[in-house]
Each structure stands twice: as C-alpha cells, then as structure tokens.
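Student: All chains, full assembly: derive it from the sequences and hints.
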Amino acid sequence: MLTERSAATVRATLPAVGAAIGEITGQFYDRLFADRPELLRDLFNRGNQAAGTQRQALAGSIAAFAGHLLDQPDSRPDAMLARIAHKHASLGVTRDQYALVHRHLFAAIADVLGEAATPEVAEAWDEVYWLMANALATHEERLMAEQNVLAGGTWRPWEVVARHDDTAEVAVLRLRPADGRPAAPYRAGQYVSVQAELPDGARQIRQYSLTGAPEGDERTIAVKRVSGGPGPEGEVSGHLHARTRVGDVLDLSAPYGDLVLDRTPGADGRPAPLLLASAGIGCTPVVAMLRELADSAYAGPVTVVHGDRTPATHPLRAPHTELTGRLADAEAHFWYEEHTAGPGALTGRVDLKAVPVAPGTRAYLCGPLPFMRSVREQLLEQGVRPADIHYEVFGPDLWLASAQPAA
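The sequence shown begins at 0 in numbering that gives the first Met the number 0 and counts up one residue at a time.
Honestly, the hints are just simulated from the structure, not real lab data.
Quick caveat, the model's predicted, so the values are computed rather than measured.
Some clues are possibly wrong.
Here are the simulated EDC-like pairs of lysine to aspartate or glutamate, each with C-alpha atoms no more than 16 Å apart in a straight line [stated by the list, open to error]:
#1 LYS86 x ASP165
#2 LYS86 x ASP257
#3 LYS352 x GLU380
#4 LYS352 x GLU376
#5 LYS86 x GLU145
Pairwise CB distance ranges (calculated) [said to hold, decoys possible]:
#6 ARG102 x GLY51: 20 to 30 Å
#7 THR117 x ASP95: 47 to 57 Å
#8 THR309 x THR117: 53 to 63 Å
#9 ASP328 x VAL248: 41 to 51 Å
#10 GLY382 x ARG175: 21 to 31 Å
Even for Gly, the Cβ is constructed at its ideal location relative to N, Cα and C.
Tutor: Structure (structure tokens):
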C-alpha cells in the first residue's frame with residue numbers, strides 16, 4: 000500500500016509520467032545496455048528490443064501497477080505480477096538485479112521529466128517501484144525454491160533424443176536430462192526457457208510450452224520458426240530449426256507459467272465447463288492441457304477452438320484432434336483462413352457466435368494478441384466472467400501496454 004503522501008503525488012503526476020513512459024523506458028534500456036552489454040547479449044530478447052515491444056511491455060506494467068495502487072489501494076494486481084514473476088524465474092532473474100534496474104530507470108525518469116522530477120516526485124515513484132520490485136522478487140524466489148533452483152543454478156543440460164518436423168514451420172523436439180538427475184513434474188500449460196548459443200557467441204533465451212505428459216523424465220517442445228518483421232527476431236527458432244539434431248544438448252530452465260487448469264468443481268459440484276482457445280503455435284499449451292484432461296478421464300464439457308491459416312500450417316493438428324476425441328464430452332471447432340479439411344473444420348477466422356458456451360465456463364486463451372482480444376470480447380458477450388478468462392502471451396505482454404491507460 001502506498002503512503003497517503005506518495006499516493007497523492009503519484010495520482011497528480013501519473014498523467015505526465017504516463018505520457019512520457021515510453022521515452023523513459025527507451026532511455027532506461029539504452030542506459031542499462033550501455034552499462035551492462037552482456038544483459039542484451041545473454042538475457043534480454045534482442046528481437047523484442049529491436050522491435051520495441053519489450054519497452055512497451057515494461058511501460059504498460061509500470062502504468063498498470065501504479066494505477067492499481069491508486070484505484071484499489073488494499074490489494075495488488077496479483078495476476079499481472081504472477082505472469083511477470085514466472086517469466087523472470089525462468090530467466091534466472093535475481094533480487095539484486097532490481098537495484099541495477101532502479102538505478103538506470105530513475106536516471107531516465109530524471110532526464111526525461113527534467114525539473115518536474117522533484118525530490119517529492121522521485122520519492123513517490125521510488126515507493127511505487129520498490130513495492131512492485133519486492134513483490135516480484137519475493138514471488139520469484141518462492142517459485143525457484145519450489146523447483147529447488149538456487150540463484151545461479153537456472154540451467155540444466157537436456158539431450159535431444161528425438162526430432163520430427165510437424166509442419167514446414169514447426170519442429171517437435173523430445174529431450175531427456177543429460178545430467179542423469181530425474182526431471183521434476185510440471186503442470187500442463189507451463190513452459191521452459193531454452194538458452195541457445197548462437198554463432199556470434201550470444202546465449203539468447205526463449206520460452207517454449209511443454210506439450211508432453213507432465214510425468215516422466217522427458218520434455219517435449221514445439222518450436223515454430225519465426226520469420227519476417229523488424230530486427231533479429233526469430234534467431235533462436237531459426238537456429239534450433241537449422242542446427243539442432245538428435246544427440247545435441249540444450250540448456251533448459253525448470254518449468255514455470257501460471258496458465259494452468261483450475262480443476263475445482265463448478266458451483267453445482269460437477270466438473271466445470273472448459274473452453275480452450277488457441278491460434279497458430281498458441282495451441283502448444285492447449286495440447287498439454289488436453290493430454291492432462293484425457294489422461295485423467297475428465298468428465299466435464301470441453302470446447303476446443305483453434306484458428307490457423309490452413310490445415311497444413313496447424314501445429315500438432317493430429318494430437319489436437321485425437322486428444323479432444325478421447326474426452327467424454329468434448330467438441331473441436333477449427334477455423335482455417337484459406338482451406339478447410341475434416342469434420343468440424345470451418346472457413347474464416349474464429350467466430351464463437353455458433354459455439355455454445357455453457358454457464359460457468361472457464362476459458363484459457365493462447366495465441367496472437369488480436370486473436371485473444373477478439374475471443375475474450377466474444378466470451379464476455381456470452382456471459383463468461385472476466386475472472387474466468389485466462390491467457391498466455393508468447394513474448395512481451397503487450398496486453399497491458401495497450402489495455403491499460405497510461406494516464
């Protein structure tokens with residue numbers, strides 16, 4: 000909770016800070032990487048930095064956190080903090096790095112705001128920052144402790160034991176621990192970070208959802224080769240496609256991620272209706288969820304929704320279909336923009352008008368941001384509670400950057 004004095008100052012200055020937050024975060028990253036270039040080389044996604052999306056996500060999270068402290072002073076935006084904390088834990092972010100971020104962020108604030116950055120303003124926003132930073136660091140340390148991961152021990156070597164090309168753009172890799180130690184179980188919907196050493200010596204990190212069974216000593220990921228767009232995006236996916244073969248060893252983090260199924264019964268005591276919606280490579284956590292539901296003989300109604308360009312570009316289409324068919328009360332609706340194929344296939348983009356959405360439905364979304372926004376709006380129109388709509392973003396969370404007003 001902000002002190003009353005700081006809350007008044009933050010409320011008065013939020014419009015000015017919000018208007019300048021993009022410039023502030025831009026300067027912040029410039030300062031940070033000038034001081035610590037290894038962070039850009041080995042921690043931050045160079046593609047996202049080149050495209051500016053990471054800066055937008057940081058700006059959105061700061062504005063959203065400050066706004067929440069003002070509008071709901073007796074609570075914290077735990078859902079937002081949890082998504083960030085899981086991502087940070089998978090990257091190995093440590094508490095001491097928040098002091099480094101603080102130094103460069105507040106130098107950028109002083110530079111951009113100039114005379115408006117009075118000691119009183121700096122003190123108030125300092126309080127906002129440390130409330131957010133300490134909450135994140137505490138959550139991250141708890142997540143790492145649950146995985147028995149100590150600071151500096153983020154990575155384990157995993158050997159590629161099988162590979163197949165599921166589509167022209169998606170390669171499926173099956174991995175086993177190369178150090179002989181058992182693999183901890185995970186929850187369907189979670190992801191791992193993969194650290195890849197690139198030809199220029201950089202050790203870039205990307206997150207990939209786990210698609211196999213949560214038990215056992217293997218991990219399965221599906222890697223989509225990303226092409227097009229500004230900057231060096233897709234360098235890790237391209238590297239894994241071109242160079243990774245059976246017998247190679249990759250460094251993986253422990254599993255993290257908060258897009259996991261809520262299996263508690265509905266208000267009537269029966270299994271709750273579920274809706275699993277995805278587009279493109281966003282189907283990877285959905286396939287893992289379907290595997291969990293099928294293996295546990297889930298009896299509640301399950302609606303599976305997916306959108307793609309064509310059947311041939313639909314990643315994991317076979318297990319997506321087969322696992323849905325194993326459930327007692329489930330139906331799949333696949334939309335293809337260019338071609339249709341098979342039962343339940345539709346032409347065009349995902350449209351839920353003709354899809355029954357049962358009362359009490361819990362929805363899980365993963366895919367491009369415009370797709371998730373569209374599906375969320377359609378679900379709200381059909382009476383699904385906002386609290387029952389959960390989502391996962393591959394890359395920086397720009398949902399907050401655009402959904403939360405900066406002023």
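Student: Looking back at the numbered hints, which does the structure fail to meet, lowest number first?
Tutor: Going through the list in order, the structure violates hints 1, 7, 10 and respects the others.
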